[in-house]
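Following the hints, put chain B in place on chain A, whose structure we already have.
Protein chains: 2
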Amino acid sequence: MNIFKERQQKLQTELIARGWDGYLVAYHVDIFYYCGSMQTGYLFIPAEGEAVYLVRRSLVRAEEEAAADVEVLGSLKTLGERLRARCAGARASAAGDAPPLRIATELDVVPVQLFTKLQTALPGAVWEDGSQLVREQRMLKSPDEAAAIRKAARVVDAALETVIPHIREGMTELELMAMLEHQLRLQGHQGIMRMRAFNSELITGMVAAGASAAVPTYFDGPAGGTGLHPSSPQSSGRAPIRRGDPILVDLGCMIDGYLIDQTRTLVIGDLDPELQRAYDVAEQVLRATEARLQPGAIAEHLYLLALDHVQEAGLSAHFMGYGADQVKFLGHGIGLEIDELPVLAKGFKTPLAPGMVIAIEPKFTFPGRGVVGVEDTYLITEDGFEKLSVSREGLRRL
Amino acid sequence: MNIFKERQQKLQTELIARGWDGYLVAYHVDIFYYCGSMQTGYLFIPAEGEAVYLVRRSLVRAEEEAAADVEVLGSLKTLGERLRARCAGARASAAGDAPPLRIATELDVVPVQLFTKLQTALPGAVWEDGSQLVREQRMLKSPDEAAAIRKAARVVDAALETVIPHIREGMTELELMAMLEHQLRLQGHQGIMRMRAFNSELITGMVAAGASAAVPTYFDGPAGGTGLHPSSPQSSGRAPIRRGDPILVDLGCMIDGYLIDQTRTLVIGDLDPELQRAYDVAEQVLRATEARLQPGAIAEHLYLLALDHVQEAGLSAHFMGYGADQVKFLGHGIGLEIDELPVLAKGFKTPLAPGMVIAIEPKFTFPGRGVVGVEDTYLITEDGFEKLSVSREGLRRL
Chain A
1 MNIFKERQQK LQTELIARGW DGYLVAYHVD IFYYCGSMQT GYLFIPAEGE
51 AVYLVRRSLV RAEEEAAADV EVLGSLKTLG ERLRARCAGA RASAAGDAPP
101 LRIATELDVV PVQLFTKLQT ALPGAVWEDG SQLVREQRML KSPDEAAAIR
151 KAARVVDAAL ETVIPHIREG MTELELMAML EHQLRLQGHQ GIMRMRAFNS
201 ELITGMVAAG ASAAVPTYFD GPAGGTGLHP SSPQSSGRAP IRRGDPILVD
251 LGCMIDGYLI DQTRTLVIGD LDPELQRAYD VAEQVLRATE ARLQPGAIAE
301 HLYLLALDHV QEAGLSAHFM GYGADQVKFL GHGIGLEIDE LPVLAKGFKT
351 PLAPGMVIAI EPKFTFPGRG VVGVEDTYLI TEDGFEKLSV SREGLRRL
Chain B
1 MNIFKERQQK LQTELIARGW DGYLVAYHVD IFYYCGSMQT GYLFIPAEGE
51 AVYLVRRSLV RAEEEAAADV EVLGSLKTLG ERLRARCAGA RASAAGDAPP
101 LRIATELDVV PVQLFTKLQT ALPGAVWEDG SQLVREQRML KSPDEAAAIR
151 KAARVVDAAL ETVIPHIREG MTELELMAML EHQLRLQGHQ GIMRMRAFNS
201 ELITGMVAAG ASAAVPTYFD GPAGGTGLHP SSPQSSGRAP IRRGDPILVD
251 LGCMIDGYLI DQTRTLVIGD LDPELQRAYD VAEQVLRATE ARLQPGAIAE
301 HLYLLALDHV QEAGLSAHFM GYGADQVKFL GHGIGLEIDE LPVLAKGFKT
351 PLAPGMVIAI EPKFTFPGRG VVGVEDTYLI TEDGFEKLSV SREGLRRL
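Chains as they are written, first to last, in the UniProt record's numbering: chain A, 1 to 398; chain B, 1 to 398.
Since no wrong hints were added, every one of them can be taken at face value.
For identical chains, the list gives no copy identity; a pair is met inside one copy or between any two copies.
Under the rule of at most 25 Å between Cα atoms (straight-line distance), these lysine-lysine pairs were calculated in the DSS-like manner:
1. K328 with K117
2. K349 with K117
3. K77 with K328
4. K346 with K77
5. K117 with K346
Calculated directly from the structure, the hints in this document are not laboratory data.
Next up, chain A with everything else stripped away, as it sits in the complex (with noise of 0.2 Å):
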């Protein structure tokens, strides 16, 4: 069968589960995620029986592309009555005295003005948040979408080999930054890396060296940088990179739709001895999350086991950022976009289980001397881990 209709029936049997009449999936990435398509419109999954999706532009588009039926978004007015037509299977039982259409959509997304603008088209409609359900679907990966990352994790890696040979002293973070967005995008990257966060942005990734890599931002992630300017204020800026920088390629591409997130530290010359140390306990960390990566693991745990290494190996207040500036997580899960669920991350009580994909990304921040650190991605398997990422480890020397 497929595999977005057999997506589309998964979410129907938890549409069922809640008593939710369906879902009208608004967010773009999700409706791709659901029939294959991204055309501007709704789909629509009914509890029983067939989607549909309602499009804007382009119709031809999503007539190729979609597994769903296809119709003409048309006036905002008429919507209530379509949805109501394609729930009519899963509302026989109820017919007489129809009760309110429980409908699900996206509210960690969806803008209020928009959100208003679909109560009013569905007045008496009851609205559920299903961010969550579909966050949760999606953390679950099918074997095509493990195929796109794998892809996508060679790309990255293909990339990062071209570049390395090119790397000099005085080559500017920017210089660095462009040469691999321009293999990457050479080799099919799409251009940028999708976040699910509200105001959040990642065009590929982390790139900086030495103390500008240790300047923190306003990303949710334990890699800095100065940025270009305050208007985009993280990752490569326009500092030269000198001899004895740690060089922190926190880098990624879109491939498919899919992404990959990889980390590895390179240095012209020789690290200083505490980053290197530093270098090898974030090593250290990934090695000993990696023996407890499998099935039935719980997410905080491995995150708890990170801050026992870390805290052992003396190095608390530089893990994943410096003072008030660390994050609080591990690892992320990955996919579509780049913050995916399961989070490795205190609260998150999640038991792994097969098909997930995580970036475990240990690092460690020394202001005003740069950052350290290593990330894979993982697929879980049903005996442990398939290491996605394709790159060799261990620091890099030029």
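Chain B alone, transformed into the frame defined by chain A:
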């Protein structure tokens, strides 16, 4: 006076006129506009008194960058109390029986979940939709904003001129785009072109050639493009550029936060006479629009004038897309985002005013053959306009 403080004061005048107590700026682009920083948090601008930037991270960077008092955001539970304290001056007349706070925020972009949290944090507050207010203020650019756009215009021109000699028959759209993006990045392009509209994304524009440029997209613009995959279905794909194909280079970049948008049509060899004629009509439409481009001109009139012009030329079916996929505008405001006010479209009665910056983009789509057209970005001045785009016009034969 600091430009950001001036913007805050201008907003305060509007808040007072509306009887609103303050504006909780939540959207990162607007936060940057009003205080010069883009860290995570909220910028609260009371109707009277000093603005406060409540920051989650990075506090250090906010303090360095922002034209506002900076405080730690802390728990949302204390938010109501703190905003009320900031409004104390404005509410003195109501002492004793404090009426509910009237607070605006950007309901066009703030997600429902976040808004619900804010409502909970400020029980009893009355929320106003401040989207239009901010968008209207941002519509009128200050000299420093125009200067940033001028800078971006020079970067796009330089990238285009650097790349043009390398365009070859058989090169793919993606290869051309990657080369352009590499040049843009090296000169400081911040990596994306921001959009305010829900579900919209743009990296560096739309570069496509021949039939694939005419493939319609979800994107609310006249140019199309297959894109690399249904998960990013617009702009460059992997089609090779052939002799005689119109190559549409609709290109922009973000420099110091500000965007430029321009389109040039290129061809290896000669263009089919029908497409050549359509290109000429596009330039005529641009000239006719320029003749009316001055303070007082009504935005929609410029669009309607273009429609008349195009109809006389017998090209209505091809204007700004083809058939059901036509878009209904001639131009759009541009600044920190690509989809700013004013829009040159039906229903927009806005009279043009000095300080507006507008990208005007007459284009013609021929299914199976390609898209031709031209786009320049203009600053409205006291006595007419200044063309900010510097790339030379005319069909470019390679």
